[in-house]
Amino acid sequence: MYDIKETFRANSVPEALELLRAHPGAIPVCGGTDVMIHLKERKLRRAALVGIMDIASLQGIYLEQTGDLFIGSGTCFDSIYQNPLARACVPMLADACNQVGSPQIRSVATIGGNLCNGAVSADSVPSLLVLKAELELTSLEGKRVVLETGRELLTGIRIPKASYEGHGGKYLKFGQRNAMEIATLGCAVNCALSPDGTIRDFAIAFGVAAPRPIRCAKAESLMLGRRPTGALLKELRRAVLLECAPRESWRASLELRTQLIQELAERASRCAIEHAGGSLDD
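Take 47 as the starting number for the sequence shown in this note's numbering and just add one per residue.
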């Protein structure tokens, strides 16, 4: 039996926010896949749950007038993977969403929950980092846009048009199994090329390479304005290590994670450059 004190069900964002204010410590629940694990493991006691799965405005994917791609925080992973707009604008993110858990999990787990759970291994986060995604947080006082979650309700994720138009991206995940595996390491790369073939935009992010998902700003600067070559990717392999802080764990040794950081950085970069319409001058 789960230790649940009380449950509520909201039909709108304002109603959900009122419930969360009236019941301090209450937890919003949409897909509930992470919350159920916490309840089963007795990490939540006397829990108050606010269901937000019926709020239509938290679901769906559409283009705003600016061309930015908006993803409702309550949109499940399978819906993102299957969505034509997501696959056309941000195929890297769509593919990352298809690598989360099992088909059953992907049909209920939401991208907003994946972000708010704060797991360093969250599959969606590296791709969102390199896409420079903005998070829309809503409170009873209004909305604000940030790059990290706060205490408000996460209502949406906005990916700027400038971050996906003309770009190529790739997310690579390493796990001990091919399915239903928590990432031992994840790497996402997003890049764009200038007409002369040099790199005009480059972003690289890792999951499980540090205490939290990170972008490697210095390594990104190394790539800008340069022609993609095998030699440049060798430089990148060395550069990303200087910004990561891999750790030893029961799931992977420090040596393995160090090797994976370098290998996935090179492989993801090669794929992203090709998807951006370029090729490597080896």
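Treat the hints with care, as some may be off.
Label-pair distances were calculated between CB atoms; the ranges are [to be verified]:
no.: 1; residue 1: 297; residue 2: 263; range: 54 to 62 Å
no.: 2; residue 1: 212; residue 2: 92; range: 50 to 58 Å
no.: 3; residue 1: 68; residue 2: 271; range: 53 to 61 Å
no.: 4; residue 1: 295; residue 2: 84; range: 17 to 25 Å
no.: 5; residue 1: 61; residue 2: 134; range: 33 to 41 Å
no.: 6; residue 1: 163; residue 2: 70; range: 17 to 25 Å
no.: 7; residue 1: 277; residue 2: 87; range: 46 to 54 Å
no.: 8; residue 1: 151; residue 2: 273; range: 26 to 34 Å
no.: 9; residue 1: 49; residue 2: 208; range: 42 to 50 Å
no.: 10; residue 1: 92; residue 2: 60; range: 23 to 31 Å
Treat the hints as calculated values from the structure; they're not laboratory data.
C-beta atoms are modelled at their ideal positions from N, C-alpha and C, and glycine is treated no differently.
Results of checking the hints against the structure:
1. 297 x 263: 54 to 62 Å: With Cβ atoms ~27 Å apart, the hint is violated.
2. 212 x 92: 50 to 58 Å: Cβ of residue 212 to Cβ of residue 92: about 51 Å, so the range 50 to 58 Å holds.
3. 68 x 271: 53 to 61 Å: 54 Å, holds
4. 295 x 84: 17 to 25 Å: 20 Å, holds
5. 61 x 134: 33 to 41 Å: 34 Å, holds
6. 163 x 70: 17 to 25 Å: 20 Å, holds
7. 277 x 87: 46 to 54 Å: 48 Å, holds
8. 151 x 273: 26 to 34 Å: Violated: the Cβ-Cβ distance is about 42 Å, outside 26 to 34 Å.
9. 49 x 208: 42 to 50 Å: Once the Cβ atoms are compared, 47 Å apart, the range 42 to 50 Å for residue 208 and residue 49 holds.
10. 92 x 60: 23 to 31 Å: 26 Å, holds
In the structure shown, a violation is registered for the earlier hints numbered 1 and 8, in ascending order.
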